[in-house]
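So the sequences go chain by chain: A and B. If you count by UniProt numbering, then the first sequence holds residues 1 to 691, one letter each, in order. If you count by UniProt numbering, then the second sequence holds residues 1 to 539, one letter each, in order.
Read the hints as simulated data drawn from the structure, not as lab findings. All C-beta atoms in this analysis are idealised placements derived from N, C-alpha and C, irrespective of residue type, glycine included. One should not assume that every hint holds.
Below, a list of computed lysine-lysine pairs in the DSBU-like style, where the Cα atoms sit at most 30 angstroms apart [claimed, not checked]:
{"hint": "1", "chain 1": "B", "residue 1": "K524", "chain 2": "B", "residue 2": "K232"}
{"hint": "2", "chain 1": "A", "residue 1": "K260", "chain 2": "B", "residue 2": "K14"}
{"hint": "3", "chain 1": "B", "residue 1": "K232", "chain 2": "B", "residue 2": "K272"}
{"hint": "4", "chain 1": "B", "residue 1": "K360", "chain 2": "B", "residue 2": "K396"}
{"hint": "5", "chain 1": "A", "residue 1": "K40", "chain 2": "B", "residue 2": "K14"}
{"hint": "6", "chain 1": "B", "residue 1": "K360", "chain 2": "B", "residue 2": "K263"}
Some chain A residues flagged as far from chain B (calculated, every beta-carbon gap over 10 angstroms) [to be verified]:
{"hint": "7", "residue": "A32"}
{"hint": "8", "residue": "E37"}
{"hint": "9", "residue": "G240"}
{"hint": "10", "residue": "A283"}
{"hint": "11", "residue": "A400"}
{"hint": "12", "residue": "A605"}
Spelled out from the first residue to the last, the chains are:
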Amino acid sequence: MHTSETPRLYARDPLLHSLLPRLTGLAYAERARVPWEHDKDLPLVLLTGRHGMGRTAVLTALERHYSGRLPLALVDTASSALVVELLEELVCSLAPGLGRRFPLLLPGLISVFGGHGGTADGRTRATTRIARLLIACHLESGTEANVAQRWAVRLRARLDDAPGAGPGAGSRPSAHAVTHAALAEYFERYTRSRAAAPLRQWYQERYAESEGTAAGTAADGQDGLVRLADWFRRGGDYRGAAEQTLVHAFLEDIAAARSKWQRLNRDPRPLTLLDNTHSPAGARLVDLILEYRARPAHHDTLVVVATRLGDAPAEATEAAHRELPDLVASTRWRRTGHAPSAGLLVVPLTPLSRDDILLMLDAASAPLHPYLASALHTLTGGHPLASGVLCDAVLEHTRATASRGATPRPPDGPLGPRNLLELTTADGLPVTQAILERLLPSPQQRARLVPLSLARDSTAAQALAAHLRLEGPEQLPANAAADYLEAEHWQDDTPQDRPLAADPLLHTLLVHEARRTSHGADSRRGWQEIHGFLRRHHTTRGEDSEADALRHTLAAGDAKTVVAALSEEFQSEQDRQSALRWLNCLRYAATAPAPPSADWDDERAAMAAGAYDDRYHDIDEIDRCINRLLHGLWYLSDALAEPEADLCDDIGAELAFLSLRHQTWRAVLSQSARTWPAAARDKRPLPLPEL
Amino acid sequence: MFLSRRNGFGPLDKAIAVLVPLVLIAVGVVVYLATRPEDCAEGLSKRDGQCVGVTDSAFDANADLKGLIRAVADENARVEKAWKSPKKGQTRIPYGRIALMMPFTSDDSSAMTAPMIRRALAGAHTAQLRANSGGGPHYQLLMAPDGKDLDKWQPVVDDLEDLTDDRESPLVGVMGLPSSTPETRDAMRALSDRRIATVGPVITSADMNAPYFFKTSPNNDLLADALGQYLKKNRGEGKGFLVFDSRPDDVYSRNLQRLIEKKFGTTYGLRKRSASFLGSTGPDAGIPQRFQSAAQKICVTDSDTVFFAGRDQDLPALVKRLSQEPSCDRSSPVRILKVGIGLDPTLTTPELTQMLRDTKTTMVAAASVTSEWWQKKSTAPDGLGGFLSVFNKLKKPYDLGGKSLDDGYAIMYHDAFMLLANAFDRSYSEANEPTGDSTRTPDPVRTPTKDDVYNTLIDASIVDTGDSTRCIGCLQGAAGTYGFEKSSDTDDTDQWPVCKPVPVIEYPAVQGRKAQDTFRTFEKTFKHPCPKEVTRSVS
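The whole structure should be built from the sequences, with the hints applied where relevant.
Right, here's the structure in full:
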């Protein structure tokens, strides 16, 4: 395999090698203690970023390096709907490494789970959870099923013996009774009465204010715990309060588990990694932890690293924001306010640099195209996932090419920047498809977005959707696609005059996916057909849409029409304003995506260099010049194209030639002749001359 | 602890990692110090691998000394107990300390051979037992090993000086110093400088003199005079030959050679007839005991009177060489004249005796003691009987051997101890003479110091009554009754014994020779002969 067992993380060193060691007190990659940056009050580190920015990869790397060296829990908070289930997973992961195994939290969780099964299935699940907790806390040993069965049998016996509960099979014990029995079973079997008293007291004090009202239902001092289960069952605000109590019990257990010896010996702190805390349960857990820490003198020793899709929650106004490079020496984080969000340290994950990509391609077995890394970086913008998949595909391709016996992989011939998107992954999937599946998890929305990405803006997309008869539960498929992108935190809003997918990488990928999946000229969903429809759509929308119409014409491969239109305008218009419009039209039309290679040969570079001028002997030299200029610009507008110096210089020469052939546009065109080659070389947007 | 050490080491871990080895090392060091085999006994310290110092308890020395050292240590402990915590109903008995400074270890080239050491210690212990069995103060016999080559005397002398400050049980004096070597001379002078009375039991070099250094044996000069007296009566053929130890640093041999050359050189023509050899005592300087040339010369020159200026240890080799020498005539008798404390048992082995008889050779030795004394009781000095009665009891338990008295060491060491003990007794009695109505003071009002002991020793004991010579306060020793003359500028005896009998031994005994007058030291300086029956003044 080309990917080693421990994939390397690029550009995350400040986080892995600096921040986390200072929080846990243990070096990331070596067996050494590191001085703590924060003595008592710890920040909750929140890693933010879009899909594919490597949030989970950071957590996985942390788990891989710290696992077995300190108490560690990695929990995907999106997998559970309830905070208590997350707590249970945390207990199961952390308990083996801690000296004291959650004496406070355990009865709380058991009381909640014990009464938490209305149905037989629910009861089994609850019993299994209790069994897992008992095993993790070393109170029981054996397989989960055995322990669960023993627990169920003993609970059953207790319920049968209870006064008032007849042995009749039909009478189901009340949730109250079950909670009672579960707690009695737990306390009598697993704790000594002397140790149990302070625990009950703790829960009792949490509900001190309501002691008088429900005292009748409580018995032998368990009322605090019973009420906890009761409130949890009631849901709503009550459940919130119960969850708060449990999270506090969890954190107090963590703090109490740390002995004086461990503190003086600077033993590493326990580490909890919470993935996807934009999920409701995850967000709630993070909020409850922050809330606990915001209380004065409530300190625990748990290092929490959470990830969140998109940005930090909008309501976290007092959160501290740090860039990755800020973390190298010190976070300089100190609690500045009383709001819970003051305990939050937000670290956005940033894209990779061109140097990182060079390093990623370093393992190639054969020399690569010198511009390949740059092209890849320009294409992905340093997006870690896309860069990773593409680099792996490049490495796989060079390896397959190097070994003669292997079946040749697409693209055929030498690998250059232009055919980067035609690569396939190790599994044989086209790279664009592989990346899009990760970036846009919903297949339905993905299928929608692929053709709609060809549209210039929402209106066009809407029209195209109608034309393609895209169907779905929503009224307006284009709007639904835009909403989906917003929900996946690709963009905050979708302006009417912009393409649906605003992210350049996503847009490029979607367009290429549309090109790749085009079904030929005949199909309604074919490339030509869609662009034809869009050209017609823009033509009907009015004057301002001329450039769009030309762009789609070009995208459909019909350069001749575009050249004719541009030439006609060049020769008929005189005022300088129209010169700018002409340049804009030229510039914009040249951004058209290239047609699928199946029904179009890419000869743009050669055409721009004038290699095929003999084909155009029927038109005059101005048309030939515009033809060369258009093809040159079209070629260079491709994100993957290398800005070859000759081509860029040719752009200037053609514009200079045109400037001499026009009566009034001389100044504007010659200015562009000077500025455009430089902009093209730097892959900047081509500037329009100022009037 | 949590999981493995994959999470690094914290400050406490590191502290423990540092402290635990340190504590273990510290414990190890403490255990080692506490349990390591004690190199030297209490009071002794290690110098160049030998234990030297002063001690009153048992310590490691020659294996055959173990019993004797233990006996001395037990007696010392008993003496101390009798003073510090006497049994109920018994009065406290004060005690003095007499240090026996000599080697307690030996090897092939050491100053004293192992049997010599054993006999010397046995003699001193005999004296200690005798002194402690009577009235008056008791004595501890401190053992002060000063190295087998006598060269570690410096720390011992320092330790001894410290003991003189003790008011309750002071150091009475030092005895021992067995051999006339430069080291002994330095030690003697150092002790004298510290005004500590010292007795050399077996010192015979005439130049071993210091104000505080007393000798119980006659010096070589006196011994040679005794030989001279003998030779006057037994002239022989007048053909002399001198065999001398060539070690330049051996004070004894040098002194002896000079004396013999002075006294007999002219008469016996020793200037032209002499041969040297390398004695076995002392540091390695070549192959010792090479007597071939000497034996050849003796035989070739037909010498009948061979003067031997060397140590007794080397004499058997000369006799053996002579008996093997083919150029010898063997028809005329040969005499080997020597001086010494006594006859070392190695000189009277059956094998050697047979050789002497075969070659018609007689050893003629002027000595401090003679075996005749205990073989024919009539000639014995008055003090010998008391000594023998105690010494004979020690013979068996400590395996002292048949000829344990022959070399004279036991007797001379006994006398040295007695000399110091007597002086202390007398000083003590005088210091505590009942003055007032109380007849006896249970505790000494005044304990004599080393200076008192010295003053007692140096007090002239031979007095001229006008018509005879009387001995007051003389030592009635096992080797005769003798005293010391007060030093004077004109007639200096240099703390050599006065009126000490010097018997001349012939070995093997010549049949039918009549008894001869016994030479008495310094007798000529008196108008009248030395007293025959000297009565020891009773203290």
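Point to revise | Hint numbers contradicted by this structure | key: Numbers 4, 7 - these are the hints that the structure violates, sorted from lowest upward.
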